[in-house]
Structures are given as C-alpha cells and as structure tokens.
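For reference, each letter of the sequence shown is one residue, going 1 to 493 in this note's numbering.
Hints listed in this document are in silico derivations from the structure and should not be mistaken for laboratory results. Remember, it's a predicted structure, so these values are computed and weren't measured experimentally. Cβ coordinates follow ideal geometry from the N, Cα and C atoms, glycine included. It is possible that some hints are incorrect.
Pairwise CB distance ranges, derived in the manner of DEER restraints [to be verified]:
1) Thr-452 with Lys-26: 33 to 41 Å
2) Thr-280 with Pro-335: 14 to 22 Å
3) Thr-437 with Thr-391: 34 to 42 Å
4) Gly-189 with Phe-453: 55 to 63 Å
5) Ile-190 with His-113: 17 to 25 Å
6) Thr-280 with Tyr-449: 39 to 47 Å
7) Ile-74 with Ile-234: 38 to 46 Å
8) Gly-283 with His-113: 16 to 24 Å
9) Val-306 with Thr-437: 36 to 44 Å
10) Gly-308 with Thr-468: 57 to 65 Å
11) Ile-234 with Asn-394: 16 to 24 Å
12) Lys-26 with Asn-334: 15 to 23 Å
13) Gly-308 with Lys-125: 31 to 39 Å
Calculated pairs, EDC-like style, for lysine to aspartate or glutamate (alpha carbon to alpha carbon, straight line, at most 20 Å) [unchecked claim]:
14) Lys-125 with Asp-192
15) Lys-78 with Glu-304
16) Lys-174 with Asp-128
17) Lys-125 with Asp-384
18) Lys-411 with Asp-384
19) Lys-265 with Asp-296
20) Lys-95 with Asp-151
21) Lys-70 with Asp-442
22) Lys-463 with Asp-442
23) Lys-78 with Asp-128
24) Lys-95 with Glu-304
25) Lys-70 with Asp-47
26) Lys-125 with Glu-147
27) Lys-174 with Asp-232
28) Lys-411 with Glu-451
29) Lys-199 with Glu-147
30) Lys-411 with Asp-442
31) Lys-428 with Asp-442
32) Lys-428 with Asp-384
33) Lys-340 with Asp-384
34) Lys-185 with Asp-128
35) Lys-348 with Asp-360
36) Lys-199 with Asp-72
37) Lys-411 with Glu-429
38) Lys-348 with Asp-35
39) Lys-411 with Asp-432
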Amino acid sequence: MRSFDKKIILFIILLFAISTLQAQVKFRKVYGGSDYDYGYSVQQTFDRGYIVAGVTTNFGSGNTDAYILKTDSIGVAKWHYTYGGINIDRAYSIKQTIDSGYVIAGYTNSLGHGGYDMYVIKTNKYGDTIWTKTYGGANWDFAYSIELTTDGGYIIGGSTYSYGAGSEDMYLVKINSIGDTLWTKTYGGINDDEAKSVKQTTDGGYILTGSTKSFGALNSDIYTVKTTSTGDTIWTRQLNWTQDDFGNDVIQSYTGEYIIGGKTKSSGNGNFDGVIVTLTPGGSLFSAPTYGGTNDDGFNSIDESVDGRLAMTGYTYSYGSGFGTSDFVFYIENPYIGQKSGTFGGAKMDEAYCISETNDKGYIICGNTLSYSNLDHIYLIKTDSNGVSATSVNLVVTGFSSVIQSDNEFKLFPNPSNDAVHVSIYNKEVLDNASFTIHIIDVLGQEVYKETFSNNHSPEQIKINTNTINGGLYFVRIDAGGFSGNQKLLIRH
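Taking the hints into account, I'd like the entire structure generated from these sequences.
Shown next, in the form of structure tokens:
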C-alpha cells in the first residue's frame with residue numbers, strides 16, 4: 001500500500017475516534033424524594049436510555065417497594081413504577097427483554113409462601129406488569145441476579161433457607177418465558193452459602209459466584225460453581241484464603257475465563273480490598289490482584305468490553321471526597337493504555353452497585369448517595385470510555401413531583417367500596433392532558449381493570465363498577481402525560 005494511502009486511512013481512523021469521544025454523553029444525576037431510594041442495577045435500553053432497578057420508601061404501597069426508573073439518554077427521568085404489597089419488597093436485578101419490556105428480580109414478604117420469597121416481575125416497555133411470580137418455600141428465599149437465557153427463558157440466582165443442605169444455600173432457579181419453574185438446584189454445605197451473581201456461559205451452562213462458610217477456611221470464602229445447562233455441578237471452587245472474602249459479581253470473559261469481582265481481607269493493603277479473581281475454564285485460580293488503600297474498599301460489579309477493557313465499581317473509604325465515609329470507586333483495566341481509576345461522591349456515604357458499558361464505549365454506573373441530601377437517593381453516573389463524567393451533579397430532589405400518593409390529587413369514595421367506586425380527579429396535569437387511564441391492580445401485580453377516558457379539562461368524576469371484581473385490597477393508578485398517581489382501594493362484597 002502506498003504511504004499516501006496509509007496516511008489517509010490513519011487520518012480517517014483518528015477522525016472517527018475523536019468524533020466518537022466528542023459524542024460520548026456524560027452526566028451525574030441524583031433521583032429521590034422525601035424518603036429513601038436505592039439503585040442496585042442499571043442497563044442501557046434499546047432506545048439508548050437507561051433502566052434502573054432498586055428500592056423505594058417514597059412511593060408505592062408498603063414498607064419498601066421494588067422500584068424501577070426509566071430515563072432518556074441524558075438522564076432525564078421519563079417514568080417510574082413500584083411493585084409489591086404492604087410489607088417489604090425489593091428489586092436487585094433488571095434486564096431488558098427482546099420485546100423491549102423488562103424482567104426484574106428481588107424478594108418479597110408481601111407475597112408468596114414463606115417469610116421472604118424470590119420475586120420476579122415481567123413488564124412491558126412502559127413498566128406495566130405482564131406477570132408476577134414468587135419462588136421459594138416456607139422459610140426465607142432471596143433473588144439477587146437474573147439473566148436472559150438462550151432458550152427465551154430466565155435464570156435466577158440467590159439463596160434459600162427453605163431448601164438445601166444447611167442454614168443457607170446457593171439457590172438457582174430456571175424458569176421459562178412466562179415464569180413457570182423448569183427446575184431448581186441448591187449448592188452448599190451445612191453453613192451459610194449464597195449466590196450474588198449468575199451468568200449463562202458459552203456452553204449453555206451457568207456460572208455462579210458468592211460466598212461460603214461451609215467450605216474453605218470456614219470464614220466467608222469466595223465460592224464459585226460451574227454447572228451444566230440443567231444445573232448439575234461440573235466443578236466448584238473456594239479459594240481457601242485465611243480471612244473473610246466475598247464474591248459479588250461474575251462474568252465469562254471473551255477468552256473463556258471466569259472473572260469475579262468482590263472484596264478480600266486476606267491480602268492487600270487495608271481492611272477489605274477490592275479483588276478481581278480470574279479462574280481458568282476448568283476452575284483453577286489464575287490471578288487475584290487487589291485494589292485499594294489502607295481503609296475499607298470493595299467491588300460490587302464488573303464488566304468487560306469487546307476490546308478487552310475490564311471495568312469495576314464499588315466503594316472506597318481509602319480515597320475520595322469524604323473523610324471516614326465511602327465514595328463510588330471505579331477502575332478501568334485497559335490492555336492498551338493501562339489502568340485508570342477515580343471516585344465519585346461527596347462528604348457522606350456513597351456506594352456503587354452496578355457498572356455496564358454503553359453503546360458509545362462509555363459506562364453507566366448506579367448506586368446510592370447520601371452526600372447530596374440527608375437521605376439516601378439513587379445516584380446515576382454516565383462516563384466516557386476513560387471514566388470521566390460531568391463535573392457537577394444534577395440533583396433531582398423530588399424525583400417525580402407528579403407521582404403522588406395523596407388524596408389532594410384524586411379521591412376514591414366510598415372506600416371501602418361495594419358495587420362501585422367514584423374517582424374524583426383534581427390534579428392539574430391530568431386535567432390538562434387530552435386523556436387519562438385508570439388502572440386497578442391487585443396485590444399480586446395483576447391488572448383487573450383498565451380504561452382510558454377522554455378529558456374535558458375540568459374536575460372529573462368517574463364511576464367504576466366493582467361488582468365483578470373480587471373483594472380484597474387493590475391499588476388504583478391514574479396515568480396521564482408525566483403524571484402517575486396511586487391510592488389503595490378496599491373492595492368488600
């Protein structure tokens with residue numbers, strides 16, 4: 001090739017790289033209201049926005065509710081939903097499905113069979129519930145991770161006190177596309193064992209990681225299980241280190257190894273240090289470098305890009321803005337330019353739980369922050385490919401001022417109702433919209449009534465016949481434009 005041609009090609013590649021970097025969106029946003037909100041999982045969506053799953057005590061029907069928040073590509077909140085009953089419900093993992101909807105996993109003690117049950121919700125792309133399922137026995141069962149599988153179903157990873165060999169065991173549940181259980185497996189010994197992350201592997205099987213007190217040094221030890229496509233154990237690996245160690249996330253690398261992000265007291269510089277454990281395809285330990293300073297540090301999430309960059313996020317007490325408090329921490333291991341690291345946060349407690357590469361080669365990170373108010377709120381950070389984000393934080397203190405749990409916006413009467421309930425609407429945003437939709441949803445998340453009404457732009461009173469709806473507790477939701485309001489309704493016959 002002629003030298004002149006080579007220069008042209010090099011110039012085009014350089015120009016493309018520069019334009020890509022310039023196009024990378026960066027923001028730092030905090031979402032919350034007058035109470036607590038937590039973000040545990042984030043994914044970029046097909047429309048280049050983001051979906052966050054977590055927990056709220058601001059909105060919903062109970063003590064805490066499973067919560068999802070949808071934003072656009074620059075972090076502007078578009079809508080949110082809560083799920084659950086009158087007790088404790090939490091979401092820890094979310095994935096977008098091929099129909100543009102979402103599948104959410106966590107746990108509940110509002111619904112199900114035992115004290116707590118695995119809780120899985122399938123929604124459409126707007127967050128409306130398609131189906132809700134719980135999994136578990138008479139004791140406690142928790143889901144921390146869910147993934148789409150190649151057969152169109154889902155795999156759920158967590159822990160169970162209802163089944164297995166000991167106090168707590170790793171719990172793997174395979175379900176089909178409509179939530180029916182195909183099989184379940186437990187892994188562990190007579191003490192506590194839990195899975196915090198599960199992924200499907202290239203051979204169709206699964207890899208789980210978490211911690212064990214049943215094997216190894218009998219402190220908490222990082223514990224990894226490789227299975228077949230039906231959950232049968234191929235190999236297990238505990239590291240037998242001397243102090244407490246925890247695995248929080250696992251991926252299969254593009255070269256076939258298994259990479260675990262977590263924290264260790266057994267080696268490093270301080271109390272806990274972040275650790276990245278690499279296992280060979282057969283489960284042998286390949287490497288386990290540590291990251292951190294003289295205080296407490298750890299990783300909660302890892303991600304690998306196609307070009308070999310490994311990104312990790314979690315928390316640090318060793319570096320950052322606050323003395324004696326934690327900050328978001330991230331590291332990017334780039335095989336071409338070396339390591340980059342940084343922190344995000346303020347003077348109080350901040351912790352990141354999830355990191356994922358975005359389609360512009362940057363990263364999206366979510367977690368919680370206490371630094372920008374006196375309450376924990378969801379903290380969402382978009383960086384470029386080098387981990388650089390916006391220099392200022394946009395604090396959305398009210399989160400969704402239009403999401404109301406108050407009879408100042410609409411009233412239900414009589415409540416309890418028998419054959420009919422009247423809905424009186426006062427909210428200006430609803431009245432200004434061309435139409436509005438009323439939903440009635442049962443405590444299992446099933447929609448029993450839905451109707452859209454044209455708006456005459458004056459205070460509305462709608463009569464809904466309830467004589468065909470079974471008696472019980474329900475939630476009435478009104479959607480119009482950016483408004484979404486909820487109230488409880490008790491039906492008695």
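How the hints compare with the structure:
1. For the pair Thr-452 and Lys-26, the beta carbons lie near 39 Å from each other, so the given range of 33 to 41 Å is met.
2. Between Thr-280 and Pro-335 the beta carbon distance is about 18 Å. The supplied range of 14 to 22 Å therefore holds.
3. Range check, Thr-437 to Thr-391: Cβ separation about 41 Å, and the 34 to 42 Å hint holds.
4. Separated by about 58 Å at the C-beta atoms, Gly-189 and Phe-453 satisfy the suggested range of 55 to 63 Å.
5. In this structure the hint that Ile-190 and His-113 lie 17 to 25 Å apart at CB holds, the actual value being about 24 Å.
6. Checked against the hint of 39 to 47 Å, the pair Thr-280 and Tyr-449 fails, with Cβ atoms roughly 56 Å apart.
7. Between Ile-74 and Ile-234 the beta carbons are some 44 Å apart, a value that agrees with the proposed interval 38 to 46 Å.
8. Between Gly-283 and His-113, the C-beta spacing of about 34 Å breaks the proposed range 16 to 24 Å.
9. The hint said 36 to 44 Å for the Cβ distance between Val-306 and Thr-437, and at roughly 42 Å that hint holds.
10. Under the hint 57 to 65 Å, the C-beta atoms of Gly-308 and Thr-468, about 59 Å apart, fit the expected range.
11. At about 47 Å, the beta-carbon gap between Ile-234 and Asn-394 misses the expected band of 16 to 24 Å.
12. For the pair Lys-26 and Asn-334, the beta carbons lie near 18 Å from each other, so the given range of 15 to 23 Å is met.
13. For the pair Gly-308 and Lys-125, the supplied restraint of 31 to 39 Å holds, since their beta-carbon distance comes to about 33 Å.
14. Distance hint between Lys-125 and Asp-192 is unfulfilled; the C-alpha atoms sit about 37 Å from each other, more than 20 Å.
15. Of the pairs offered as hints, the one joining Lys-78 and Glu-304 is violated, with about 29 Å between alpha carbons and a cut-off of 20 Å exceeded.
16. At most 20 Å may separate the alpha-carbon atoms for a hinted pair to count; Lys-174 and Asp-128 exceed this at roughly 23 Å.
17. Proposed proximity of Lys-125 and Asp-384 is contradicted: the alpha carbons are some 27 Å apart, above 20 Å.
18. Between Lys-411 and Asp-384 the CA atoms are separated by roughly 47 Å; this puts the pair beyond 20 Å, and the hint is violated.
19. Straight-line distance between C-alpha atoms of Lys-265 and Asp-296 comes to about 9 Å, which keeps the hinted pair within the 20 Å bound.
20. The suggested pairing of Lys-95 with Asp-151 holds, with an alpha-carbon distance near 16 Å, which does not exceed 20 Å.
21. Restraint check: the Cα-Cα separation between Lys-70 and Asp-442 comes to about 23 Å, which exceeds 20 Å; the hinted pair is violated.
22. For a cut-off of 20 Å, the pair hint linking Lys-463 to Asp-442 stands: about 19 Å separates their Cα positions.
23. Between the alpha carbons of Lys-78 and Asp-128 the distance comes to roughly 14 Å, so the proposed pair stays at or under 20 Å and holds.
24. Pair hint Lys-95 plus Glu-304 holds up; C-alpha atoms about 17 Å apart against a cutoff of 20 Å.
25. Between Lys-70 and Asp-47, the direct Cα distance comes to roughly 11 Å. Compliance with the 20 Å bound is thereby established for this hinted pair.
26. Distance hint between Lys-125 and Glu-147 is fulfilled; the C-alpha atoms sit about 17 Å from each other, no more than 20 Å.
27. As the CA atoms of Lys-174 and Asp-232 are separated by approximately 12 Å, the hinted pair is consistent with the 20 Å bound.
28. The straight-line distance between the Cα atoms of Lys-411 and Glu-451 is roughly 17 Å, inside the 20 Å bound, and the hint therefore holds.
29. Between the alpha carbons of Lys-199 and Glu-147 the distance comes to roughly 6 Å, so the proposed pair stays at or under 20 Å and holds.
30. Proposed proximity of Lys-411 and Asp-442 is supported: the alpha carbons are some 19 Å apart, at most 20 Å.
31. Proximity of Lys-428 to Asp-442 is assessed by CA-CA distance (about 27 Å); at most 20 Å being required, the pair is judged violated.
32. At roughly 40 Å between alpha-carbon atoms, Lys-428 and Asp-384 are farther apart than 20 Å, so this suggested pair is violated.
33. For the suggested pair Lys-340 and Asp-384, the alpha carbons sit about 12 Å apart, so the restraint of at most 20 Å is met.
34. A hinted pair counts as satisfied when its Cα atoms are at most 20 Å apart, and Lys-185 with Asp-128 does not qualify at roughly 30 Å.
35. For a cut-off of 20 Å, the pair hint linking Lys-348 to Asp-360 is broken: about 31 Å separates their Cα positions.
36. Only pairs whose Cα atoms come within 20 Å are accepted, and Lys-199 paired with Asp-72 is rejected, the gap being roughly 27 Å.
37. Proposed proximity of Lys-411 and Glu-429 is supported: the alpha carbons are some 15 Å apart, at most 20 Å.
38. Our distance criterion of 20 Å between C-alpha atoms is met by Lys-348 and Asp-35, whose separation comes to about 17 Å.
39. Simply put, Lys-411 and Asp-432 have alpha-carbon atoms about 18 Å apart, close enough for the 20 Å limit, and the pair holds.
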